[in-house]
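Trainee: Work out the full structure: start from the sequences and follow the hints.
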Amino acid sequence: MKKNKIVKIVKSIQSRYSSAVLQGSFVFFLKQYITRIPNDIDILFTNNSLKIKNKIFRKIKQRFSNFDPFDTECKSHFEICTKNDKDPIIVESILAKTIKKKYIEDYKGIKITNDCYLISSKICQILSNFYLYDYLNKKAREFKINNAINDLCSLLEKHNDKLNKSINFSLILDNIEMNLYYDLLATKYHYINYLNDPKFLSFLKEINTNNSLKILKIINNIKINIHKIEFINKIFKTRDYFMNEILYKFQLLKKFRFDKNYGLTFYIKHDLLALNQLIQFIRNEFKEYQIDFHNSIIAKWINQIMQYKDNKIEFDFYKLIKILFKYGK
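Mapping of the sequence shown onto this note's numbering: residues 4 to 332, in sequence order.
One or more of the hints may lead you astray.
Stated by the list, open to error - Distance condition first, Cα-Cα at most 25 Å in a straight line; then the derived BS3-like pairs of lysine-lysine:
hint : residue 1 : residue 2
1    : Lys217    : Lys161
2    : Lys226    : Lys105
3    : Lys263    : Lys315
4    : Lys14     : Lys104
5    : Lys54     : Lys303
Unchecked claim - With beta-carbon atoms standing in for the labels, derived distance ranges:
hint : residue 1 : residue 2 : range
6    : Ala302    : Pro91     : 48 to 58 Å
7    : Lys322    : Thr38     : 41 to 51 Å
8    : Tyr251    : Glu108    : 15 to 25 Å
9    : Tyr244    : Glu317    : 13 to 23 Å
10   : Asn167    : Lys322    : 34 to 44 Å
11   : Asp262    : Leu166    : 43 to 53 Å
12   : His297    : Asn211    : 53 to 63 Å
13   : Asp74     : Thr49     : 14 to 24 Å
14   : His297    : Leu256    : 25 to 35 Å
Note that these hints are calculated values from the structure, not bench results. Given the structure is predicted, the values throughout are model-derived calculations rather than measurements. Ideal placement from N, C-alpha and C gives every residue a C-beta, glycine not left out.
Mentor: Quick look at the structure:
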């Protein structure tokens with residue numbers, strides 16, 4: 004039975020790699036929130052670096068499959084073909100995402116994401132698919148949105164809707180923070196803007212199912228923090244400025260190539276001009292976000308963001324973003 008095969012694969016992965024956590028549709032199936040059996044294993048990893056997560060996932064692939072994975076440093080999957088099964092089992096991971104320990108639980112010997120995470124991730128999935136609705140196949144996107152809506156409603160109904168009160172802006176914001184690395188790489192602007200967008204709310208009305216109207220009511224009851232939405236948009240503007248102004252200028256000066264980055268880590272030729280401009284950029288951002296700490300702390304952060312290796316500056320842009328997100332205004 005496919006369920007038993009998937010459970011066996013997941014337990015084997017987790018017995019070797021304690022940072023691996025099962026998420027997604029198969030968790031919904033395990034907890035009997037849905038009846039369809041998904042054929043994918045969706046893995047998250049707890050707070051390791053992107054390079055370490057890639058190393059772990061390559062080892063998992065080498066153990067279970069002879070097929071080449073679809074690979075970027077931020078997202079990867081591979082197939083496991085088994086006898087008597089028409090469709091392969093797909094093992095996938097968005098490696099640039101992570102999960103906090105408070106959202107992990109044990110379910111019959113398997114580490115899985117808990118119900119609060121399932122709720123927030125489904126809401127974010129609905130929003131992100133609506134973000135893509137205008138750009139990609141509308142029919143396929145609407146199908147994904149409907150699936151996510153139905154899955155979320157099935158979970159809530161199993162709990163007699165008692166979990167509705169747990170759906171708040173802070174829960175969604177926490178999910179966004181865990182996914183921020185990936186979203187900064189993958190999206191032009193953030194889908195959280197749709198939470199209070201009449202266009203999205205009208206879309207849920209137009210679907211006009213009991214479940215879509217139920218989700219519409221839940222979203223309408225969320226007390227949205229407009230300041231936090233504006234803050235996330237500010238983070239994306241910082242990303243755009245860094246990419247379009249700082250890195251582009253370095254590219255023209257032959258100090259940087261966009262194909263030499265690793266996720267949100269960038270490698271820039273080490274010279275005095277580049278060094279001074281990057282330090283000034285960091286200090287300007289701290290000022291822009293009203294981060295006013297002692298110079299010794301600022302200097303420590305700068306040294307964490309920038310490392311010097313092989314005559315290059317290794318600039319970890321995401322470390323800067325994490326500081327801005329945690330302490331900025």
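Trainee: Hint by hint, say whether it matches the structure.
Mentor: Status of the hints after comparison with the structure:
{"no.": "1", "hint": "Lys217 to Lys161", "verdict": "15 Å, holds"}
{"no.": "2", "hint": "Lys226 to Lys105", "verdict": "23 Å, holds"}
{"no.": "3", "hint": "Lys263 to Lys315", "verdict": "12 Å, holds"}
{"no.": "4", "hint": "Lys14 to Lys104", "verdict": "18 Å, holds"}
{"no.": "5", "hint": "Lys54 to Lys303", "verdict": "23 Å, holds"}
{"no.": "6", "hint": "Ala302 to Pro91: 48 to 58 Å", "verdict": "52 Å, holds"}
{"no.": "7", "hint": "Lys322 to Thr38: 41 to 51 Å", "verdict": "44 Å, holds"}
{"no.": "8", "hint": "Tyr251 to Glu108: 15 to 25 Å", "verdict": "45 Å, violated"}
{"no.": "9", "hint": "Tyr244 to Glu317: 13 to 23 Å", "verdict": "20 Å, holds"}
{"no.": "10", "hint": "Asn167 to Lys322: 34 to 44 Å", "verdict": "37 Å, holds"}
{"no.": "11", "hint": "Asp262 to Leu166: 43 to 53 Å", "verdict": "45 Å, holds"}
{"no.": "12", "hint": "His297 to Asn211: 53 to 63 Å", "verdict": "57 Å, holds"}
{"no.": "13", "hint": "Asp74 to Thr49: 14 to 24 Å", "verdict": "21 Å, holds"}
{"no.": "14", "hint": "His297 to Leu256: 25 to 35 Å", "verdict": "33 Å, holds"}
Hint violations for this structure: number 8 only, all remaining hints satisfied.
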